[in-house]
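What follows is the residue order along each chain.
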Amino acid sequence: MQNSRLFALIRKEFIQILRDPRTLALVLVIPIMQLLLLGYAATNDVRNVPMAVFDQDRSPASRELLDAYRAADYFSIAYDVTTEADLQRLIEDGKAGLGLIIPPGFGAAIHGSEPAAVLFIIDGSDPSVAATGLSAAQLIGQNFGVKVQTQRLARSGIPLNGALPLQVHTQIWYNPDLHDSYFMVPGIIGMILYAITSILTANAVVRERERGTIEQLIITPIRPWELVVGKIAPYTILALLNTVEVLVMGSLLFGVPIRGSLFLILALSGVFLLTSLGIGLLASTVANTQQEAMLTVWMTMLPALFLSGFFFPLQAMPKPLQIISYLFPLRYYLNIIRTLMLKGTSILAVWPDVLAMTVFGIALMALASVRFRKRLD
Amino acid sequence: MAELNLLDARGLSKSFGAVKAVDGLDLLVAPGEIVGLVGPDGAGKTTALRLVCGALRLDAGEVSIVGIDLRREADRAREHIGYLSQRFSMYEDLSVLENIRFFAEVRGLKQDEWEPRAREILDFVGLGPFADRRAGQLSGGMKQKLGLAGALVHHPKLLLLDEPTGGVDPVTRQDFWQLLIRRVATEGVGVLVSTPYMDEAARCSRVILMQKGKQVAAGTPASLRERLAGRILEVRGTPLAELRHRSAKLPGVEDVQTFGDRLHLRLAAATGEGAQQAQSGLAAGGGVNIELVRLIPPQLEDVFIAFAAGEGKDG
Numbered sequence: 274m275q276n277s278r279l280f281a282l283i284r285k286e287f288i289q290i291l292r293d294p295r296t297l298a299l300v301l302v303i304p305i306m307q308l309l310l311l312g313y314a315a316t317n318d319v320r321n322v323p324m325a326v327f328d329q330d331r332s333p334a335s336r337e338l339l340d341a342y343r344a345a346d347y348f349s350i351a352y353d354v355t356t357e358a359d360l361q362r363l364i365e366d367g368k369a370g371l372g373l374i375i376p377p378g379f380g381a382a383i384h385g386s387e388p389a390a391v392l393f394i395i396d397g398s399d400p401s402v403a404a405t406g407l408s409a410a411q412l413i414g415q416n417f418g419v420k421v422q423t424q425r426l427a428r429s430g431i432p433l434n435g436a437l438p439l440q441v442h443t444q445i446w447y448n449p450d451l452h453d454s455y456f457m458v459p460g461i462i463g464m465i466l467y468a469i470t471s472i473l474t475a476n477a478v479v480r481e482r483e484r485g486t487i488e489q490l491i492i493t494p495i496r497p498w499e500l501v502v503g504k505i506a507p508y509t510i511l512a513l514l515n516t517v518e519v520l521v522m523g524s525l526l527f528g529v530p531i532r533g534s535l536f537l538i539l540a541l542s543g544v545f546l547l548t549s550l551g552i553g554l555l556a557s558t559v560a561n562t563q564q565e566a567m568l569t570v571w572m573t574m575l576p577a578l579f580l581s582g583f584f585f586p587l588q589a590m591p592k593p594l595q596i597i598s599y600l601f602p603l604r605y606y607l608n609i610i611r612t613l614m615l616k617g618t619s620i621l622a623v624w625p626d627v628l629a630m631t632v633f634g635i636a637l638m639a640l641a642s643v644r645f646r647k648r649l650d
Numbered sequence: 002m003a004e005l006n007l008l009d010a011r012g013l014s015k016s017f018g019a020v021k022a023v024d025g026l027d028l029l030v031a032p033g034e035i036v037g038l039v040g041p042d043g044a045g046k047t048t049a050l051r052l053v054c055g056a057l058r059l060d061a062g063e064v065s066i067v068g069i070d071l072r073r074e075a076d077r078a079r080e081h082i083g084y085l086s087q088r089f090s091m092y093e094d095l096s097v098l099e100n101i102r103f104f105a106e107v108r109g110l111k112q113d114e115w116e117p118r119a120r121e122i123l124d125f126v127g128l129g130p131f132a133d134r135r136a137g138q139l140s141g142g143m144k145q146k147l148g149l150a151g152a153l154v155h156h157p158k159l160l161l162l163d164e165p166t167g168g169v170d171p172v173t174r175q176d177f178w179q180l181l182i183r184r185v186a187t188e189g190v191g192v193l194v195s196t197p198y199m200d201e202a203a204r205c206s207r208v209i210l211m212q213k214g215k216q217v218a219a220g221t222p223a224s225l226r227e228r229l230a231g232r233i234l235e236v237r238g239t240p241l242a243e244l245r246h247r248s249a250k251l252p253g254v255e256d257v258q259t260f261g262d263r264l265h266l267r268l269a270a271a272t273g274e275g276a277q278q279a280q281s282g283l284a285a286g287g288g289v290n291i292e293l294v295r296l297i298p299p300q301l302e303d304v305f306i307a308f309a310a311g312e313g314k315d316g
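Protein chains in written order, with the working numbering: chain A, 274 to 650; chain B, 2 to 316.
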């Protein structure tokens, strides 16, 4: 075989990877750390928000209302206060996220014909906690009201059979319990593929320049494409190992399903790698030191993470940002992998994303190969 | 029959911004020849070597290696080049043997070829016993030898060495040159070597003196020295500083250099009476002890200093 050159390059790169245990450990451990951090900590599920209650009524009705709130695990009634000032202080100190004030005469009003009122005070400094608290407070309150109304009507001789005129039935598909991890784990795969391949590839090239070995490499008859392939092949293999690692851990720790074809997921991950390897190689053509390479890659990575739907849903973004998001290949990949993993559909469901990602991959690699010269100037 | 030059480079030019690093340089190397590229730091030696191996793009000029046009078929031309850069450019995290294997394989040596070749070349440079040592743990001199082994492993016809003995002790330098001379003698390779050291320049079969990217003089060491024949005086005596001061004012003296405990005076023209004139000129006024004033054969250093100062202008 003529291509002992390419094999020699790949061999050499692997020896260097294995001789650098710190980097190797990072590459293998970082995905697990990310998975644990983002899977457990970065969750929007709001549970057990401490609540302070100022019950001025202390009637069976007020206790019944409190029980209704207690039953939903959104809140825990942590403080029972006797003045409004106490309640205010608890919220100011951040000890309570919510305050509930039940006025005197609440029980009498609810059993009479007047509407009874309670006041919910919500700490809005964390909007996601506040939003969940708000909707839960309203929902539970309305249910309580409906129950009381039903009882009232029954007493006045109009039985309702428990049914309201409108019944809304809901079914949540693919992630019935709305686990955030189902959303995060596929995202983490995308982020890790992106980060590891682009940073390591850029560093692997820049390191040659930094240590002066590029000078010796340049004057060998290695073809530029062999140099490119020799540099990216080892990191592609490493990144695909990481993909499997995160898929397995995601399934074991968080029960994230893999409903689509594993082969298709890995194959399309390979296509996505073309884009991140291309970005890494491009970064290596502008950076002179490994630090510069790292920063260059980071500069592309932060906007990519925010504008690809990794953290925040794309639909919620302003229109201009949504348009910009089409520039980030991660956007397409995240949609592909989330769809394939959770919905288990075929490639047909995501073909526009696959097409866009492939075009980006080929374009970035072509651009990188053109810019990648076997010269010092 | 004209012998084919291993390296035939004409009109090499390269600028970095406004600075002309190499300006219209011609470089010819024939088989069995060691050509020295001599000049101060910043003269353009490294740039010239990088142009010749295609690591830098030429602004103008032509390079052919063993008759192959470097601009058209860079990779084919490079198969015949062994290059040792000024900076150590082997992989420090690879062992000596792994480095040699890598550079042998990327140059197309096959599985059954690289190992005997690597062993042979490591024994040649004396690194055989250190084959399994990481390159990063070698001494400076051993690193240079590893670099040489890496440049020789594919049996190139043309060796390009950029200040190969920089920062290496005198004994290792001596070793290194012995290896080089042996290689040239037995394999008939051609060598283009840059060096700031005049003693190394003296070992070359031909020397090109460079200044600000241009050739200021060229020839065999002997012919270069010949150009200043009869114009270099050696002066010994005390106090040397006072002698130096007086020498500089003597009529017909172009330049004075201190070499340890003696002075070298360069005369504007070889006259026959230079030594006597200088002797009496220096003694005038008294207060100095003149041990010796004599005409000496010029050294390459004298030649270099003279040409650096704008002497000659040979083309």
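In case anyone wonders, no lab produced these hints; they're calculated from the structure. The structure displayed is predicted, hence computed values, not measured ones. Keep in mind that a hint or two might mislead.
Just a few of them, taken from the derived set where beta-carbon distance is under 10 Å, the chain A residues facing chain B [stated by the list, open to error]:
| no. | residue |
| --- | --- |
| 1 | Gly485 |
| 2 | Pro494 |
| 3 | Leu578 |
| 4 | Arg648 |
Where is the CB? At the ideal position from N, CA and C, for every residue including glycine.
Cross-check of the supplied hints:
Restraint check, A:Gly485 versus chain B: the minimum CB separation of about 4 Å is within 10 Å; hint holds. Against a cut-off of 10 Å between C-beta atoms, the interface hint on A:Pro494 holds, since the closest Cβ of chain B lies about 4 Å away. Hint on A:Leu578 is violated. Least Cβ distance to chain B is approximately 32 Å, over the 10 Å limit. Here the hint on A:Arg648 is kept, as its CB sits about 6 Å from the closest CB of chain B, short of 10 Å.
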